[in-house]
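Chemist: One-letter residues, chain by chain:
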Amino acid sequence: MSARDEILSRVRDAVADVTTPPRAGTVVSSSAGAAGSGDRAEGPARDETLVLFAENVADYRATVLRTTGEKVPGVLADVLVGLGCRSVVVPTGLDPAWLSRLPDTVTTLAESEATSHRQLDAVDAVVTASSVAIAVTGTIVLDHDTGQGRRELTLVPDTHVCVVAEGDVVHDVSDAVARLRPGPGSARPLTWISGPSATSDIELQRVEGVHGPRTLVVVIVADPPVPGGATSHAAAVGEGGH
Amino acid sequence: MSPDAAGHGQAPGAGAGHAAYPPLQVTSPTFVGMPKFPKAARAELANAQQRRNLRHATHTIRDKRAQVVAEVDDWEALRVKGADAKDEALTHLADYLERLEERLTANGAVVHWARDAAEANRIVVDIVRSKEVQEVVKVKSMVTQEIELNEALEAAGVSAWETDLAELIVQLGHDRPSHILVPAIHRNRKEIRDIFLREMGQVGRPAPDDLTDDPARLAEAARLHLREKFMRARVAISGANFAVADSGTLVVVESEGNGRMCLTLPETLISVVGIEKVLPTWDDLSAMLQLLPRSSTGERMNPYTTMWTGVHEGDGPQEVHVVLLDNGRSHVLADRLGRQALRCIRCSACLNVCPVYERTGGHAYGSVYPGPIGAVLNPQLRGTASDIDRSLPYASSLCGACFDACPVRINIPELLVELRGKAVEESGPTPESAAMKAAAWVLSDPRRLATAQKAATIAGRLTRGRTIRSVPGLGAWTNARDLPSPPTETFRQWWVREHRNEDS
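As given, the protein sequences belong to chains U and B, one line each in that order. Take the first sequence: its position 81, counted from the start at 1, is 81 in the numbering used here, and no numbers get skipped. For any residue, its number in the numbering used here is found by taking its place in the second sequence, counting from 1, and adding 242.
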């Protein structure tokens, strides 16, 4: 018997006492909505979620900025220059307007031209969009689709500037898991990021920055104003401890 | 086929047709001949530096855990959800393993099956050899420690570089991990600095000469030392925290980014996954990703989690192998009560709250799985043929803190008592069991008790207040239990004497 058949036979025999059928059996995926509650809360609850997200990201010693869509290019230029970055790698499909205000002193490298790890190791920063963000844990999730780059782009450079649309901020982990559930045949790699890389391996003392980017900047962009409605977040407000 | 584990019992569920591989895990060479726990513990207890390091570390982390667990509205409901998901997977494991294999294969991964450590190591070594590399980078993984994969690779002439900071400290220090989450917990910063200065240059980029014992400087030295290895490595080896059956997704939860480096940069990725790591559905990740970080590092969320589903075209390793490993797990699964230990998600919360672990550290447990979970898991995985495994169920005060801390509600104290019962049954009549029977006989009758108490006062007069450390014939039991000298008077005698004249 093959190892496969033997192991399967063993584990079948081992639970011979169990008579209930499998919950999910060989069904492709459970129905949508099994998880997730506060996903698209509106009004004050929505604002609370956004504030909580900003607080929790900052709590993990990432820098948090809140701004509006038209101000993103200026904010990104200020951030990169302020951090002393002189080169930035640009994921395929990133909104070209976002980096339109970079000064000449900052060079850009297109994702398609970054063909080796060493090349990325020489780049100072990466700017990406994001897929989902989680308020309760201060987490951003990349699915490495358009504007987010393949995985190594947000890993090797020492600074990661991540743009989060307010509309992508969900309340809790269960909301994010529900949103990210892969459809049949369309699974994407996911990277969940909660603050800069860190270790507590030496006497349990937290040290920020080991192998991943040591500097994480999260730029939260307000939803476009509803025609006729009031805008809630105008200017860039609040910066997390750093 | 691996060597037959002679003398080991057959799993209750295993029929005659399954004698092909031993149901029990063969104790890995590192731990063969380990003395029983009390003896190993005595040596560890004498290390005052280690005890200080452990006390500081376990208390720090248990306080952090308590804080973030208190933030969650209904932690208990989450625990139940987590335990249910694992139970569902375990009680229908064959179905979910088949489903996992099907999804992995459909997404371009190659699935291998390994009955035991030797088979898993052979599979991994063969893949590594076919790539003609002299080194691999590794993500911290309990299961590859369990099977001693690094040693197997070394024997094949391949260097396996551990990339987690604590694992690096352990590897460079020619040491053994002593904790599931923070394997170098027994080392302090000065010891780590000395190890880095002495050893890094032997295997790669040396530590800077002016290295201090500041943790930030030490982490920086590790970053520089390992970066060159990440940049050039062509093969990586990992475990997985979860394997989602209905999507074929593997999940690695980490902090430093070394995991992301290994899972992303090399061309070939080999993941060794215990068969108990399966989750039935994608949605089960919801509870797990809330339970694990809060229980483990005491954070709302760990810095990095990577999820991959087979091969992702143009992103990350283009050759992905998954080795599904039994190595005694099916034996544990066959025990109706004991199978709950397979729910374990290796968070280490039980270690941090355990009064025994806090004092002895992880090395005394004779396994890569120390602490309360190790005390129940090892004797189940490996059987109780060895001194160490027979003694592990007693490495506990049964205080119950481990059960309260466990995010998947493994009733460790209940399992310990059960395993103690089995150990006693297997070892036959002993002076201890005779003493217990005698005690039961005495305590069941007030007159017998009074007589025994009077007899004890005579013994008390003989020992005169000296602490009794050992009783002839009951050596094993009394060695670990100091007994105050019996009083020279029983309570009843004292009462009668004191109240003699009060009745009138």
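Some hints here could point you the wrong way.
Claimed, not checked - Computed Cβ-Cβ distance ranges for the label pairs, DEER-style: (1) U:V81 with B:D452: 28 to 38 Å; (2) B:G556 with U:A97: 21 to 31 Å; (3) U:M1 with B:S675: 39 to 49 Å; (4) U:M1 with B:R601: 24 to 34 Å.
Quick caveat, the hints were computed from the structure, so don't treat them as lab data. For each residue, glycine too, the CB sits at the ideal point set by N, CA and C.
Chemist: Which earlier hints can't be squared with this structure?
Modeler: 4
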